[in-house]
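**Student:** The primary structure of each chain is shown beneath.
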Amino acid sequence: MTAVRNIAAIVEKEWRHYFGSPIAWVALFVWTLLFGIFFSFGLSFFVKQSAMTAQQMEFGQKLSLNEYVIRPVFHNMAVVALFLTPMLTMRLFAEEKRQGTLELLATSPLTDLQIVLGKFLAATGLYALMILAGLLNLAMLWHYSTTPPEWKPVATGFLALLLFGACFIALGTFLSTLTRNQIVAGILSFCLFLGIWTLGWADDPTNGPVMKVVAYLGVTNHMEDMVKGVLELKDVIFYLSFIAFGLFLAHQSVESQRWRA
Amino acid sequence: MIEVEGLTKRYGRHTAVDSVSFHVRKGEILGFLGPNGAGKTTTMRILACYLPPTEGRARVAGFDVFEAPLEVKKRLGYLPETPPLYPDMEVTTFLDFVAKVKGVPGRERKARIEDAIAKCRLGEVRFKRIGYLSKGYRQRVGLAQAILHNPDVLILDEPTSGLDPKQIIETRDLIRGLGGDHTVILSTHILPEVEMTCGRVVIISKGKVVAEDTPGNLTRRLQGAGALRLEVLGNGAAVAEVLRGVPGVLAIHPRPAGEGLAAFDVEAAAGQDVRALLARAVVQGGFGLLGLSQVGMSLEEIFLHLTTTDAALETGAASDTKEVSA
Ligand SMILES: Nc1ncnc2c1ncn2[C@@H]1O[C@H](COP(=O)(O)OP(=O)(O)OP(=O)(O)O)[C@@H](O)[C@H]1O
Ligand SMILES: [Mg+2]
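These protein sequence lines are chains A and B, in that order.
Each residue of the first sequence is one higher than the last, beginning at 1 in my numbering.
Each residue of the second sequence is one higher than the last, beginning at 1 in my numbering.
Hint data in this document are derived by calculation from the structure and do not stem from the laboratory.
Check before you lean on any hint, since a few could be wrong.
[Stated by the list, open to error] Result set (DMTMM-like, lysine to aspartate or glutamate): computed pairs, CA atoms no more than 25 Å apart in a straight line:
(1) 208(B) <-> 3(B)
(2) 128(B) <-> 95(A)
(3) 135(B) <-> 95(A)
(4) 74(B) <-> 12(A)
(5) 119(B) <-> 90(B)
(6) 100(B) <-> 255(A)
(7) 100(B) <-> 112(A)
(8) 74(B) <-> 181(B)
(9) 110(B) <-> 12(A)
(10) 97(A) <-> 12(A)
(11) 97(A) <-> 71(B)
(12) 26(B) <-> 5(B)
(13) 208(B) <-> 18(B)
(14) 119(B) <-> 108(B)
(15) 74(B) <-> 203(A)
(16) 234(A) <-> 203(A)
(17) 128(B) <-> 12(A)
(18) 97(A) <-> 81(B)
(19) 100(B) <-> 95(A)
(20) 26(B) <-> 181(B)
(21) 100(B) <-> 12(A)
[Claimed, not checked] Reference excerpt, derived from the structure (chain B facing chain A, CB under 7 Å, subset only):
(22) 50
(23) 67
(24) 70
(25) 73
(26) 74
(27) 78
(28) 80
(29) 82
(30) 84
(31) 100
(32) 101
(33) 102
(34) 103
(35) 106
(36) 127
Using N, Cα and C, we set each Cβ at its ideal position, and we do this for glycine too.
Working from the sequences, and respecting the hints, build out all of it.
**Tutor:** Here's what the structure looks like:
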């Protein structure tokens with residue numbers, strides 16, 4: 001119980017900071033704006049394509065909104081997450097160290113794990129809010145479309161984006177513990193995320209075992225099925241273990257820095 | 001309440017705290033005194049479970065800082081050297097956050113915050129952002145944060161730094177008022193502060209404890225090393241000549257005196273009372289002895305004495321001030 005209360009106190013504090021400063025508003029604005037742009041591009045493309053297929057009646061079947069509009073948006077937003085998540089994580093620990101407030105947290109009856117979890121959950125919560133705000137765009141599809149999209153791929157797509165971003169957030173939390181300069185933490189995070197992203201490019205069926213492992217570690221590949229609406233346990237487990245690993249590193253780092261200091 | 005046993009902290013090859021031992025009883029206020037870089041902050045950080053000791057043990061409120069840090073932290077209020085504040089928070093929001101992480105139950109939270117605001121006189125700035133506060137007010141928010149959850153033990157690193165004279169007095173009163181119910185360790189460079197607020201002083205220099213006693217005892221016991229002030233009717237040079245011949249006199253410093261008078265500060269070897277000898281020598285020399293008085297060493301002088309010279313250790317040992325390390 002105290003653990004939950006402690007974590008909640010940290011989350012509340014971080015959210016106060018996010019929304020008391022431009023960070024949350026900028027992130028929300030950029031995210032929903034890009035979401036809207038990608039969505040409207042996808043939609044106008046879809047409308048053109050439907051008009052063309054309607055002429056060639058031999059297809060006889062309507063195009064899927066899920067496939068042509070929603071899925072590409074999710075993929076594009078994953079790229080946006082690559083840029084925005086460092087913004088959410090870079091100051092988490094770096095700023096506490098610079099301000100000397102880590103001394104307050106570290107001498108309060110909190111465990112290091114509670115501090116790490118509180119900060120991770122605060123950033124992930126804001127990120128989830130961003131995705132949800134973006135998804136509002138899709139609401140009009142249900143409202144206006146004669147054959148509304150399936151909701152299931154939207155739900156799993158949301159989960160995919162969430163888990164994918166949470167991996168970066170966990171790693172970013174760790175990187176933020178390494179320095180007292182949040183800009184350094186942000187740049188390091190971005191570079192590392194980009195590196196992990198490119199691992200996914202090694203995904204090729206003709207590759208040898210080493211490249212298969214590399215490709216497996218690329219966080220993007222595990223999104224594919226989920227965005228299509230197929231929720232595979234192995235993908236969820238991959239993401240959860242990735243997140244757990246990032247948080248483990250963050251926890252070790254916070255603890256060992258105090259021990260070595 | 002606080003037991004420190006052979007505490008050592010090394011940063012790489014540099015020893016910041018060197019087998020420091022002391023005890024603080026429940027309700028006592030202990031002053032921690034020492035020049036810059038003496039190791040005060042380091043010791044306090046170890047007691048607050050922020051840094052682990054390299055060697056030695058420390059128990060706070062009955063719990064070992066290394067083995068049961070969570071139990072220690074529950075009972076501890078800590079004001080670090082730089083007050084740990086979030087500049088974008090309002091004072092009350094900040095105190096509310098601190099109350100939560102210190103585990104103050106919800107129904108007591110409001111009352112505790114009001115109490116801390118009243119005690120630290122933060123009423124005027126309660127809805128101001130901490131980032132906009134002046135240094136003194138920030139220090140007071142730091143103090144409010146430390147006493148907020150009414151902890152058994154308070155560790156205050158330079159609690160009055162940055163305060164104006166009126167605030168210093170009020171803060172000292174506040175700290176004095178904390179004694180009895182709370183056990184307090186405070187560090188400072190300001191010696192009168194120790195005399196006014198602390199029941200006992202630990203003087204630390206280069207990581208080692210050089211003296212530990214009540215402020216009164218420290219002053220009294222080191223008086224042997226203080227100077228004697230002498231006023232004599234007669235020619236200065238001639239009197240000085242006579243004084244120098246007295247056994248036990250180390251040095252003579254002339255002081256300004258009126259026409260036909262001579263005045264000196266006489267330094268005697270530690271632990272020797274040369275007053276009788278001086279008086280006799282003056283009278284036998286045919287001069288008129290007008291005054292002979294002892295100039296007590298101020299805490300400042302004792303402090304300088306103990307922390308700046310190697311001879312200080314011997315001086316301290318010669319008087320019966322409790323020597324903890326030599
Ligand atoms: N993180 C650190 N790494 C290396 N050395 C350190 C560190 N922190 C403190 N020191 C060294 O330890 C010694 C004791 O420092 P400390 O801050 O405890 O002194 P202090 O008595 O509090 O001094 P002041 O009166 O200036 O506050 C100093 O020589 C300092 O340089
Ligand atoms: Mg200090």
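**Student:** So, for every hint listed, does it hold in this structure?
**Tutor:** Each hint tested on the structure:
For the hint linking residue 208(B) to residue 3(B), the alpha-carbon distance of about 16 Å falls within 25 Å, and the restraint holds. Restraint check for residue 128(B) and residue 95(A): satisfied, since their Cα atoms lie roughly 21 Å apart, inside the 25 Å limit. Straight-line distance between C-alpha atoms of residue 135(B) and residue 95(A) comes to about 20 Å, which keeps the hinted pair within the 25 Å bound. As the CA atoms of residue 74(B) and residue 12(A) are separated by approximately 21 Å, the hinted pair is consistent with the 25 Å bound.
Of the pairs offered as hints, the one joining residue 119(B) and residue 90(B) holds, with about 18 Å between alpha carbons and a cut-off of 25 Å not exceeded. Between residue 100(B) and residue 255(A) the CA atoms are separated by roughly 22 Å; this keeps the pair inside 25 Å, and the hint holds. Using a Cα cut-off of 25 Å, the hinted pair residue 100(B) and residue 112(A) holds, with the two alpha carbons roughly 16 Å apart. Proximity of residue 74(B) to residue 181(B) is assessed by CA-CA distance (about 16 Å); at most 25 Å being required, the pair is judged to hold.
Using a Cα cut-off of 25 Å, the hinted pair residue 110(B) and residue 12(A) holds, with the two alpha carbons roughly 17 Å apart. At roughly 19 Å between alpha-carbon atoms, residue 97(A) and residue 12(A) fall within 25 Å of each other, so this suggested pair holds. At roughly 24 Å between alpha-carbon atoms, residue 97(A) and residue 71(B) fall within 25 Å of each other, so this suggested pair holds. Among the hinted pairs, residue 26(B) with residue 5(B) is consistent with the structure: their alpha-carbon atoms are about 17 Å apart, no more than 25 Å.
Restraint check: the Cα-Cα separation between residue 208(B) and residue 18(B) comes to about 5 Å, which is no more than 25 Å; the hinted pair holds. Restraint check: the Cα-Cα separation between residue 119(B) and residue 108(B) comes to about 16 Å, which is no more than 25 Å; the hinted pair holds. As the CA atoms of residue 74(B) and residue 203(A) are separated by approximately 52 Å, the hinted pair breaks the 25 Å bound. Restraint check: the Cα-Cα separation between residue 234(A) and residue 203(A) comes to about 17 Å, which is no more than 25 Å; the hinted pair holds.
Note on residue 128(B) and residue 12(A): the hinted pairing holds, with a Cα-Cα distance of about 19 Å set against a maximum of 25 Å. Taking the CA atoms of residue 97(A) and residue 81(B), the gap is about 14 Å. The hint holds against a cut of 25 Å. A hinted pair counts as satisfied when its Cα atoms are at most 25 Å apart, and residue 100(B) with residue 95(A) qualifies at roughly 21 Å. Restraint check for residue 26(B) and residue 181(B): satisfied, since their Cα atoms lie roughly 8 Å apart, inside the 25 Å limit.
For the proposed pair residue 100(B) and residue 12(A), the alpha carbon gap of about 10 Å is at most 25 Å, so the pair holds. Hint status for residue 50(B) relative to chain A: holds, with the closest Cβ pair at about 5 Å, below 7 Å. The closest approach between the C-beta of residue 67(B) and any C-beta of chain A is roughly 14 Å, which is over the 7 Å cut-off, so the hint fails. The criterion of a C-beta within 7 Å of any C-beta in chain A is met by residue 70(B), whose closest approach is roughly 5 Å, and the hint holds.
Because the closest C-beta pair between residue 73(B) and chain A is about 4 Å apart, less than 7 Å, the hint holds. Interface hint at residue 74(B): satisfied, since its Cβ lies 5 Å from the closest Cβ of chain A, which is below the 7 Å cut-off. A distance limit of 7 Å between C-beta atoms decides the matter here; for residue 78(B) the minimum to chain A is near 5 Å, and the interface restraint holds. Using the Cβ-Cβ criterion of 7 Å, the hint placing residue 80(B) at the interface with chain A is satisfied: the shortest such distance is roughly 5 Å.
Interface restraint check for residue 82(B): the shortest CB-CB distance to chain A comes to about 5 Å, inside 7 Å, so the restraint holds. For residue 84(B), the shortest C-beta to C-beta distance to chain A is roughly 4 Å, which falls under 7 Å, so the interface hint holds. Taking 7 Å as the C-beta cut-off, the interface hint given for residue 100(B) holds, the closest approach to chain A being about 4 Å. The interface hint given for residue 101(B) holds, since its Cβ lies 4 Å from the closest Cβ of chain A, which is under the 7 Å cut-off.
Annotation: residue 102(B) was flagged as interfacial toward chain A, and the flag holds, the nearest CB pair being 6 Å apart, inside 7 Å. Proximity of residue 103(B) to chain A holds as hinted, the smallest CB-CB distance being about 6 Å (cut-off 7 Å). Interface hint status for residue 106(B): violated, as the beta-carbon distance to the closest one in chain A is roughly 9 Å, over 7 Å. Here the hint on residue 127(B) is broken, as its CB sits about 14 Å from the closest CB of chain A, past 7 Å.
Checked against the numbered hints above, the structure breaks hints 15, 23, 35, 36 and satisfies the rest.
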